[in-house]
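Student: Using the hints provided, position chains P, S and G relative to the given structure of chain U.
Chains as they are written, first to last, in the working numbering: chain U, 1 to 386; chain P, 1 to 386; chain S, 1 to 386; chain G, 1 to 386.
Some hints could be false.
Said to hold, decoys possible - One-sided excerpt, in silico: chain G residues whose CB lies under 8 Å from chain U:
1. 54
2. 92
3. 93
4. 188
5. 345
6. 349
Hints listed in this document are in silico derivations from the structure and should not be mistaken for laboratory results.
As the structure is a computational prediction, the values presented were derived from the model and not from experiment.
Just so you know, even glycine gets a beta-carbon here, dropped at the ideal spot from N, CA and C.
Residue-level listing of the chains:
Protein chains: 4
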Amino acid sequence: MSARWERRDIVLRTNATGHQLTAPVFWCHGRNERPLAYVQANVHGAELQGNAAILALFDMLEKDPPRGSLILVPRVNPIGANQQVGDYVAGVYDFHSGQNFNRGYLYLTGPSRASSAPYVDVDAFAAVHRDATLSEIKDGFHEALRAALHAIRDSGVTWGLDARLEFALAVQELAVEADIVLDLHTGDRAPRFIYAPEGAVAATRAFGIPFVLEVPPRFAGALDEAAFVPWNDLSEAFKRVGRSDVRRSVDGFTVELGSMNTFSMAQGVEDAKRIASALKYYGVLDGEPDDPAYRIAACSVADYQSIAAPAGGLVDPVVTPGSPVRQGDLVARIVDPSRCALPPRSADSIIEVRAPEDGVILLFHAFSSIPKGVRLLSMMTKVKSL
Amino acid sequence: MSARWERRDIVLRTNATGHQLTAPVFWCHGRNERPLAYVQANVHGAELQGNAAILALFDMLEKDPPRGSLILVPRVNPIGANQQVGDYVAGVYDFHSGQNFNRGYLYLTGPSRASSAPYVDVDAFAAVHRDATLSEIKDGFHEALRAALHAIRDSGVTWGLDARLEFALAVQELAVEADIVLDLHTGDRAPRFIYAPEGAVAATRAFGIPFVLEVPPRFAGALDEAAFVPWNDLSEAFKRVGRSDVRRSVDGFTVELGSMNTFSMAQGVEDAKRIASALKYYGVLDGEPDDPAYRIAACSVADYQSIAAPAGGLVDPVVTPGSPVRQGDLVARIVDPSRCALPPRSADSIIEVRAPEDGVILLFHAFSSIPKGVRLLSMMTKVKSL
Amino acid sequence: MSARWERRDIVLRTNATGHQLTAPVFWCHGRNERPLAYVQANVHGAELQGNAAILALFDMLEKDPPRGSLILVPRVNPIGANQQVGDYVAGVYDFHSGQNFNRGYLYLTGPSRASSAPYVDVDAFAAVHRDATLSEIKDGFHEALRAALHAIRDSGVTWGLDARLEFALAVQELAVEADIVLDLHTGDRAPRFIYAPEGAVAATRAFGIPFVLEVPPRFAGALDEAAFVPWNDLSEAFKRVGRSDVRRSVDGFTVELGSMNTFSMAQGVEDAKRIASALKYYGVLDGEPDDPAYRIAACSVADYQSIAAPAGGLVDPVVTPGSPVRQGDLVARIVDPSRCALPPRSADSIIEVRAPEDGVILLFHAFSSIPKGVRLLSMMTKVKSL
Amino acid sequence: MSARWERRDIVLRTNATGHQLTAPVFWCHGRNERPLAYVQANVHGAELQGNAAILALFDMLEKDPPRGSLILVPRVNPIGANQQVGDYVAGVYDFHSGQNFNRGYLYLTGPSRASSAPYVDVDAFAAVHRDATLSEIKDGFHEALRAALHAIRDSGVTWGLDARLEFALAVQELAVEADIVLDLHTGDRAPRFIYAPEGAVAATRAFGIPFVLEVPPRFAGALDEAAFVPWNDLSEAFKRVGRSDVRRSVDGFTVELGSMNTFSMAQGVEDAKRIASALKYYGVLDGEPDDPAYRIAACSVADYQSIAAPAGGLVDPVVTPGSPVRQGDLVARIVDPSRCALPPRSADSIIEVRAPEDGVILLFHAFSSIPKGVRLLSMMTKVKSL
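So here's chain U without its partners, still in its complex pose:
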């Protein structure tokens, strides 16, 4: 029996000439409504590869209908995707508000910058549901989160709905339903890596992605956090009333599928397999997840550190993203020809950049010429095996 599909187009922005910038939402109903996965791609305008992964998932799901269900949203951010100035897309920050498109989501169990509307008080919820079943708790909390989103939308009736809020609501009204949320991004120039909730080791391993950044359950505005932190907060609240059986039942991952400005349908098939393996772990798809044969390198996001360019100039990377380095290793050269005196020597134009600690160089800036003080590279430190 094949899956049942629905399509709905959500509005992310209405522009100054009244055109609606929409994203297509494909809802794949499998044998069961749950577990439900929410998968979106391209929230940052120049991070394209997740779209190829979703397209490959379409074909995979048509061939092997899922056990649970999926909401799939390619090209979720038509605003960012069209912020093209000259050749390239400047797709991280909203041209209208400076807002990072992945930092404006709503914290539904605590105060967030994006909204002053009331949120779900997890302690009050836990008090009321102290004796409820796990299933009642899960359903009740889903209902409470939905109600919080409704209240936020309603709060816009008097003073209007801010564009950032409208964006966040359009996404979160879908994502709030899910048991697992995957936000498909890319690094700047990077191998595949993943932001995973602390403690979700087995699920994280199922992706088979060799680099992992572990995210603590604290809300900082991103979608993965918006998905799992409320459920973590709920679990903690139940612990405070003496119930330790209420585990976090929703996970959120930011999956970085290589570099900005790369797009390959062929690689999309491989990426879809990685995602499918994780979805098997969660029971959304039938079958067993893959177990990666190789070592997975992990560190906390607190130990994921960036080097600010020590000078403005051209960037000549010395190591490939994904390479382990030792403290003091040369990792990049910043090159400014105007530093040459007479006679000019190429060596005089170079500022060497060395690793401040042992670790793994994970990411270089997307562009090979940057001002002083802009992120040159980011590296994992205090790396462990997962």
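Tutor: Relative to the frame of chain U, chains P, S and G by itself:
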């Protein structure tokens, strides 16, 4: 005896071709080093009028040397001022980081997003200085704030100094010395108004500016807050150890000198008079501050509310910025010609926008065509007389 | 009997997420199909007021149905209108190609940069139609121009249709039908003025707009030229075969309705009256055109000169746009505070700009801070009365 | 004996805060002043690799002093290099004027859009110099070109020097002295290729670059044309007065060193060798040029054709830039997920793009997501061996 002047150029950014973008700092030493005023203009690239005010202050100070001293910095943000795309400057958000140039300052007595370096613990300071004189406390706290800035700069040695931090430090290393800090901005399309610390009524009145937004002592990243909140925190800490005589001795104001993209040397002379009156209040200049004859309308920033555009379209303001309105009054029309059916009628293109509350319309968006959800206007509500 | 209206939405661009950016075309069929006026607004994204004029024309045409017909296109350029970065719209140059949106039209009777497709050979046409009636000539030439547009569209089949060409075709396939073409723009900061074909004095006067720039019949890429130059070329070709009775029967005007970034529905009613007066002259509307009581100042576009800013800095205009000046008059100050030495004097920051010739200052740059060498202002010289 | 070096910094733009954006000019005086090579890099802001080539030339020239002389200008365009919005540089079109930085040079022997100043009349020059020696002709023409540049600079005295003209003059006042001009660019995503003057086969081969576009002697605004077309015009003028011995003695090349946004010091050493080989051909360096063993594919720029994207979407290239293709071959896919109906199939999102002719795919757009009608790729057709 004339004032003694010094000039020093500070570097705000070094660009990708190695050029230093600098701002000229003019230090006017009067009869006494203190009180010291720090006055900067144009931190947002399109907010120009403060430069005219500073130029007029130059002439005024040369004619009437000050009792105290002043640091004057026109064109403090050469990055923002040169973010010109087409005809206009997009000068609020840093093209490199999306950061609002007036939200990245450092909170020296608490945790801030801009830096993870340690800050001054006001309670520890109060404990140590419980029996100190007010003068010792003031000097000691100045010294502690300076030390915090040094520590933040030093924190950049290993991983490099982030461009936003470099900007903040360049400004705050000057502003931290001052007893009064004036950050000269403009509204989008607005009359003159001012953000003033809660409680600084007499000083605020001295500006003679008819609209006032009162800022509570909570840090949100702006320079005025970065200036006065640490001293407010200090005062509170001393209260906690039983001393109520340690009042906040530094004030910070954001002075909005009309609309973006206006610049008039003639008006600058008038603006300089407004500023001079406040500097007289603080004893930086000789003489008595003016006392405005007219009513000053004030509200808390918490009651300064914005209307998000209910539709994308052209903006036809109905009231002049600075006008009082009653709830339900028509304040603007959003016009989208594509809404016209057949036969087309201009009325069909119009979405009327009405005041949700009584108040004063203070500011319209700088541009007359905006997407849905972008700030159309901001208005004071719960207005009182100051 | 009321007019018969049709609406059709034309596609100007399909963006990277597949959304069509369209403009609404309102076709008002009056008592006769001809004379036919084509009126569009806002081809430059920040030039808004023409939309108000068109909306007012809607109401006027519904009240007084026209003798001829009109095609009315507000918001004709949704690409430019949405090139908003920060507060303002950068709407003159296409972010993708650097192309001025009003310089990419097709020259249908000569070679143009926009297309290498064949054009109408007016001499061949005149040879063939040497003995035709004026009506046959007009119909035949309309048909020939249409065929040229078709050929250009067809030329895109093999290698694809360039985005600039697609834009030009969408507009010109409508405009080519018209007897009079009005392209509603604004100046940067300017009074109302008009670009009018050389020799069209009576029609030009009918607008009642006090400043006129006379355009010679030479194609430089703008829509007004694209409209009238082919018919001028035709007239010249007929002269070469000995017929002087074939006058240019199509006129094109670029009407500048004040300053960028202003929009007023009330002013739109006044602008519609100006346009209606001209349409009466052309017989599109019933009635007599107004005859302005005041002097109209005119010069050739060849005598419309610009001053490049002699320094980078803030702009303090000394005269109001539309003011007559004498050679040597102070017209603006460029102000750069970094020029101040010690003690700083405001006078040292100023570079005075004086009129190089007698004339009328017509336009200042839209922004009050500009780099060296950018157009500071434009002025009419060798001004005459029309 | 080592070379004698001079350094001078030229001003390309003075920005709105009065900062001069300069480029460093390194003049290497070898054993003879001539032949003189002018080599610049990075006129388009995102085309970086030429800087690495120039830095490697520094080291090479210090080791082996040249027979002639060289002017070397890395980072020649600090305006374009700093037009960074978000991650990437939009460096082709001037944000202020929409002008392609490589289309605004001055045509010194004919009318150009950049200036209305008088140019050198080659026929008058040939008439006067009919009996002059070749050396007198060369010196005299150099002098005439210099005088034309002076006249253009002087023409800015009254109305000011337009920013584009200031840029062109700064470059051309240096380049006009040279016998060979190399403008180091990159393609979007491309192998190394070269724009070479028609007929300069041996010199072109000396670069050892496998793809060549032959440029006819017609001025279209680029620097290579600005360098060699006047000398070609001179040669033609002498032919018209009966002297065929006056050959074009200046060549200009645009050398495309791979893809935008790549920068490698190691590859720069290889690029410097390619350039050095050509400079040996011209006698600027000692020694014999290399003779490439492999076939060089060439076509006229008239046969260098672009495919406009047939739809907006993501770009999945099927062939590697530099690949030969046959008419009908699949060369790229445009992918728009919103095209998927239900059930969604990846195939439905794809628009296939096929080669319209036989040829070589030379270049893909720099970004993997583009609107409809934007250049998707460019290919050589009617390819021959050089």
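Student: Would you pick out the hints that fail for this structure and give their numbers low to high?
Tutor: none
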